[in-house]
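> Here the protein sequences come in this chain order: R and U.
Using the numbering used here, read the first sequence as starting at 4 and increasing by one per residue.
Using the numbering used here, read the second sequence as starting at 6 and increasing by one per residue.
Think of the hints as simulated: they come from the structure by calculation, not from any bench.
Incorrect hints may appear among the rest.
[Unchecked claim] Estimated spans, in silico, between C-beta atoms of each pair: (1) ALA20(U) to THR215(R): 32 to 38 Å; (2) LEU139(U) to ARG137(R): 32 to 38 Å; (3) LYS44(U) to ARG336(R): 53 to 59 Å; (4) GLU90(U) to PRO416(R): 25 to 31 Å; (5) SER86(R) to GLY346(U): 30 to 36 Å; (6) GLY346(U) to ALA211(R): 28 to 34 Å.
Yeah, the Cβ is synthetic: ideal placement off N, Cα and C, and Gly gets one too.
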Amino acid sequence: MINALFDRIADVAAGWVVVITAIQLVMVLSAIVEMRRLRQRDRHQVWRRVLRSPLAPRITVLVPAYNEELSVGETVTGLLALSYPNLEVVVINDGSPDDTAAVLIDRFDLRPVHPIYQKVIETAAVRGIYRSSREPRLVLVDKFNGGKADSLNAGINVATGEMVCAIDADTLVAPDALQQLVAPFLMREDTVAVGGTVRLTNDSPVRAARITELVVPKKPLPALQAVEYVRAFIIGRLGWNPLGGNLIISGAFGLFSRKAVLAVGGYEHSSIGEDMELIVRLRRKGYETGNKAWVDFLPEPVAWTEAPESARVLARQRNRWERGLMDVLHRHRRMILNPRYGSAGMLAMPFFFVVEFLSPIVEALSLALLLVGLIVGLVDPGSLWVLGAAYGFGTAVTVLTLWFDDVVFHSYPRFSYRVKLAAYAVVEQVIYRQLTIAWRLWGIRLFLQGRTEWGQQVRKGFNTS
Amino acid sequence: MRFQLFLGAWGLTGALAVGYVVWGAVADLAAKVLDRRKKRVLETLSVLLFESEAEAEAVHDRVRKLPRRTLLAVIQSLAVDLTGEAYERLRRLAQASGIQRFVVRRSTSRRWRLRVQAAQLQYLVVDPNYDRGLLLKDRHPLVRARAIESLSPAEGEAHLKQILHLLGDPALAVRISAQQKLLDVGAAAIPDLIRHLRTNHTHVLEVLELAANLADPRLTDTLDEHASSADPAMRLLTARALGNGAASLVAPILERLVGDVEEDIRSVAIASLGKIGDPASATLIGPYLSDRAWSVRRASGLALDQLGSTGRLILRQHLESPDPFARDMARQILDAAAQRGLPAPPPLVDPLGAGAAS
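Excised from the complex, chain R in its bound form (with noise of 0.2 Å):
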């Protein structure tokens, strides 16, 4: 009875993998839907002509700043060159202990102004504004510490724009970024924020703080996260334009309309996941109020971030992720299921619930279990067989991304990027998932005795040579 019973593990581990791939099947066909649609909408080029004009929205991009030396400068530079005709870039420096500040100020030669501001969202005090004599486009806000969510509160406060885009200090943003964003908010009056593709720039070079080409990167952390990129914009992000619209916009690169984030009291200081939260909460306040709040999600790749390339970092990234999840499940757990929240209660948060939250723990407790089993031989080993087929099936699905990828952007234009993608697709399903369940189990735990600080973040800086 107990090798029936371990025998079935085996079975239900296989089976969860299968499940899991099924549903992402469906959502790579979701994407594949929507790609078409949009692809057919921008081959006209639509809103080139309109957002060259002087009378094109107002957008701020804030850009939160933690210890961001390495990076702060180019990334700044490469906002500043964005072909958008009416746009203020705000730095919130975070009360670094590194000298961000300093780097701005001496580069942009930024002087002190009388940090006089309206308020609207409450947030750590405000040390300093600085605005630049060359460029006065450029913003910036020096704050005592307070987090990530504070930071940008702190500059929606300070901004002016009609529209505020998040951006991460150690982001790079394609030239048009800003004009591709901000197209689903001229098309529905009911948008409230729009997400693009961020890809990642490890190892790619970068001259005036653009991508020159981009390529696979060395090291196989990094490379297996460009796999995961790939996959998880295409078919956590796009897949759900169709079904009803998307709960998160990477906090890498986002365009929110300022008004919508006031309304709802701006980013949450205590959560840890605080770009989902904001949108999920945007689209609570929307089924609430009766007022439509629609996020969109554009599959061009507009920005590009660097990567952690030790597993140290990348799982302190990781557990975070996953408290974050957790927190906003927590959060706003009367949605689930909930029909008055519409595609957001009965599709997107069971989906987020089941797939990414629910997963790691059934995905390792039946594989620790399988272990045991082998060990002390109550498991067939011939049943091992179909958990690898399961993830054969994981790993057919990731590939298939890759392909559409390629299909629609062409973004690794080359034989050798190509093998090595689709190998690292099989190591990402094999080696890489059971390593990243293991780091977001360990959220699990953190959240659990909670725990909500960040973790050392450890930048290499770009590749400028």
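Got chain R; can you put chain U on it based on the hints?
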């Protein structure tokens, strides 16, 4: 059975991986060939559009016989900002190659994506019976926006009423396109805009924004009543638009707006006073160097600089102001003026009397 399932799954993965890599290689090659072909078409097309009449005539037939899809793709990738002879030649080509018929047919298609394409290319249609207003009334906002954009300034002038009406369109994209087109039309649109401001109370904000960007003094006569509007956005745009007027007419209204409660309006009103350049405004602007808002202090400093010697005199007086922010702003502006070759401000005196600093 279990092993077969395993083999099947990984076989599928392997097949997909090989497909991905091989397809990618073929796609790379195809993209290179297509790029080369497009480049050739573009080169031939540029001879047709920009070279002498004889050279253009020589390649005309070659271009006309090109596959329509490639030709269309290249034409669509061109900026529609072609003017003069090149524009006329492109229109003739469109007529000879059947593109014109293609556009007209698509303009009545049931699929909005095809109508968007027609809207983008309708600038090529020379048929006098073709109604350019049709797509301006389209039910899809993308089509309306694109139709407005593709109108030449002359065609825009002919459709002024419709474009003005579209300033109140529910889609922001259409409103911005309409505003931009009226900006392109320029002076010819002014009488209609004045009439609109006088008689119509819908989408006034859009018209005021236009008035601010059009920089035409004729518009300022109609702005007085909007300067007292309860809507801050309206007062702000009025203050900006007034910067284009004659000092004698607009200065009293701007002086009223300089005292507005909203800092943005104060800044813009002060900037407008600087723009109209009446030295008499200098004494009014001076105290705003001590305004509580940085943007107002900056606007005051810049406006005083614009007002010439009178303004700079006031800036020099503020170098000894008890307000450190006014002192700071005055020094920044005078330093910048000195870099342009104007007389340098006196050296900074240490407020504690320890000596002069550079």
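> Now, for every hint given, state plainly whether the structure supports it.
Hint-by-hint comparison with the structure:
The hinted window of 32 to 38 Å between ALA20(U) and THR215(R) holds, with their beta carbons roughly 34 Å apart. The hinted window of 32 to 38 Å between LEU139(U) and ARG137(R) is violated, with their beta carbons roughly 49 Å apart. Between LYS44(U) and ARG336(R) the beta carbon distance is about 58 Å. The supplied range of 53 to 59 Å therefore holds. The hinted window of 25 to 31 Å between GLU90(U) and PRO416(R) is violated, with their beta carbons roughly 39 Å apart.
Distance hint check for SER86(R) and GLY346(U): the Cβ-Cβ separation is about 33 Å, which falls inside the suggested range of 30 to 36 Å. Hint check: GLY346(U) to ALA211(R), Cβ distance near 32 Å, so the stated range 28 to 34 Å holds.
Against the hints set out earlier in the document, violations occur for numbers 2 and 4.
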